[in-house]
Amino acid sequence: MQPFDQLTSTAVPLPIENVDTDQIIPARFLKAIDKAGFGENLFRDWRFDRDGSENMQFVLNNPSYSGEILVAGTNFGCGSSREHAAWALYQYGFRVVVSSFFADIFKNNALNNGILTVEVDPEFLDNIFREIENDPDAMFKVDLEGQYCKILSTGEETTFDIDPYKKQCLLEGKDDIDYLLSLDTKISTFEANQKIY
Amino acid sequence: MVGKTLFDKIWDAHVVHTTPNGSQVLYIDRHFVHEVTSPQAFAEIGAKGLVIRQPGKQTVTADHNVPTIHQDRPITEAMSRQQVATLGENCAIHGLTYYGLGHENQGIVHVIGPELGLTKPGMTIVCGDSHTSTHGAFGCIAFGIGTSQVAQVFASQCLIQRKPKTMRITVDGELQEGVLAKDIILYLINKLGTGGATGYFVEYAGSAIRGLSMEGRMTVCNMSIEMGARGGLIAPDQTTFDYLYGRDNAPVGTDWDDAVAFWRSLPTEDDATFDLELAFQAEDIEPMVTYGTNPGMSVKINEPIPELGDTPNPGLQKSLDYMGLEPGQMMKGKEIDYVFIGSCTNARIEDLRIVASYVEGKTKDPNTIVWVIPGSKHVEKQAISEGLDVIFRNAGFEFRQPGCSACLGMNEDKIPAGAYCVSTSNRNFEGRQGQGARTILVSPLTAAAAAIAGKIVDFRTANMDTYAAV
Ligand code: SF4
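One line per chain: the protein sequences are Y and F, in this order.
Our numbering puts the first residue of the first sequence at 1, with every later residue one more than the last.
Our numbering puts the first residue of the second sequence at 1, with every later residue one more than the last.
Only chain Y is shown next, with the shape it has when bound in the complex (with noise of 0.2 Å):
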């Protein structure tokens, strides 16, 4: 996993409710065997009509946004435990996903990938929306160590939680396996007390 630190970018808004991850990454794109490939088919059924041509009313196919953060509307995430979403966002090149509330599973998934999530209120996020629609390439800050988030070109600030242990791993680019397989003696010692029925 790649390490996170912080992020100043401009951001992509995408102010919709409850993106489920059919919406992210259809179910048809999740036959692969590896992790390649993913990226191509972000939410593909919103930016590709049925014949295959751009659905330029898709703010992915809009010129005017790009950066590495998300913007998204609240309860992003929610639906299939598919990581596969979190591969089809970083591989497409975002590195945050802002939002007013995250589903469980995508959280974890996302945050075991590289790509933090920032939950800030719903008025900070409506402020963000505001913003990129006052100035598409306005600036954002993202700084996990400090977790906040910044609006360069207002100064607005707000901070953000994130569980300690998820911080650290991100911060140092190290997954939950290494960690899990230090424990083996006393995963052996529960197994081996354990009364199963």
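All clues stand as given, with none of them false.
A partial selection of chain F residues facing chain Y, derived with a Cβ cut-off under 7 Å: (1) N21; (2) G144; (3) G195; (4) A259.
What follows is a list of derived Cβ distance ranges for each label pair: (5) Y:Q168 - F:Q329: 45 to 55 Å; (6) F:I384 - Y:E40: 42 to 52 Å; (7) Y:S188 - F:A47: 18 to 28 Å; (8) F:K165 - Y:Q168: 16 to 26 Å; (9) F:G328 - Y:Q168: 47 to 57 Å.
None of these hints come from the bench; they were simulated from the model.
Values in this document were obtained by computation on a predicted structure and should not be read as measured data.
A virtual CB, placed ideally from N, CA and C, is assigned to each residue, including glycine.
Dock chain F with the ligand against the given chain Y, drawing on the hints supplied.
Only chain F with the ligand this time, still in chain Y's reference frame:
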């Protein structure tokens, strides 16, 4: 000291280690595995030179990609074929038992676990699948995980977790005639919203929940994720024990007695507290039907779709545009194209019995295609032994082979763009059943009635003879 909840008891009994910052390492008793969310995890294990710590605690089946006809033939679609084959190869490499296509235990992962007696009270259960919450019906902590975590469980049989908050939803009272478990959970999701239980584990309690069969309890727990909950669970009781007794992996002899004694110690104590308590009255619940593109967007069968209201509601408008529906319109009377009876929500034997008892002697609407997909090989076999397959075929339904089928557009069973599908599954997201497909979630009984009528009807008041044998 205050008493413990069912959830706390199971959680605390599985903590291997608590880190200084409060995260906990949780031991996992059973890991269910399917072909879609596992290949990259197997690859990670292989690349790191690791072994699967507890091969006997993995249960593996193929369900999402499988066709539901001609399962004896090779899968036609190349990538699906490859993904299923890869699962078989990975099982062979790592010494895992594999319930692949054609195996008598094959089926939807959340259907086979309980029916094989692998899902038992007091356990921790995970699977790379959000509907793992289904298993909570037995009084387990069961939740969905991502593929990175699948690899972690392979390697360590553990996960790093932060203890979630707990919520209790009590549904007391008597359900109206014909109101099923599916209606209860659709009603609850409507009340809480799709994110209403995010961050929580939900215990379902109350007389209406207690009165449900195990199949019904599984339907309720299955859809916990649709209101954002990590999982749902129900205290084990005599209904649970009766279901488990004599099943393949259930304890026997004195072990059974010991197990039941332990299981009886699990329910939430009277003085235990939850972070949030909600209560509903069973009498208020009616047959439910969704109109939108998430499972919270539902109405009672005799109510209209909500009006847009004064404040702009782009989400509702977008959903209705996708669904081809209007604010204020009645769902009742809406003509449909497909009926899908299946999925880990409603493809157990009891669901098929309910559908069969309604359709026996009736014929489906000639313009409606009806698929009945048993949840597992065992359900299929049982249905055939009871003659349900004959009832379905006589009604003009297609009774097919087990798999996830039209629950998600990954296998051959897809709903065409623009078509309306009345479905007993759990998600009505855009494109879930195929690009452009329009999904309407209902109970098995409402689905059966729609199949006969060719439109959405209230089975309690519809004069079915008018619709039958047209
Ligand atoms: S039936 Fe549907 S919800 Fe259940 S496991 Fe299969 S795809 Fe997922």
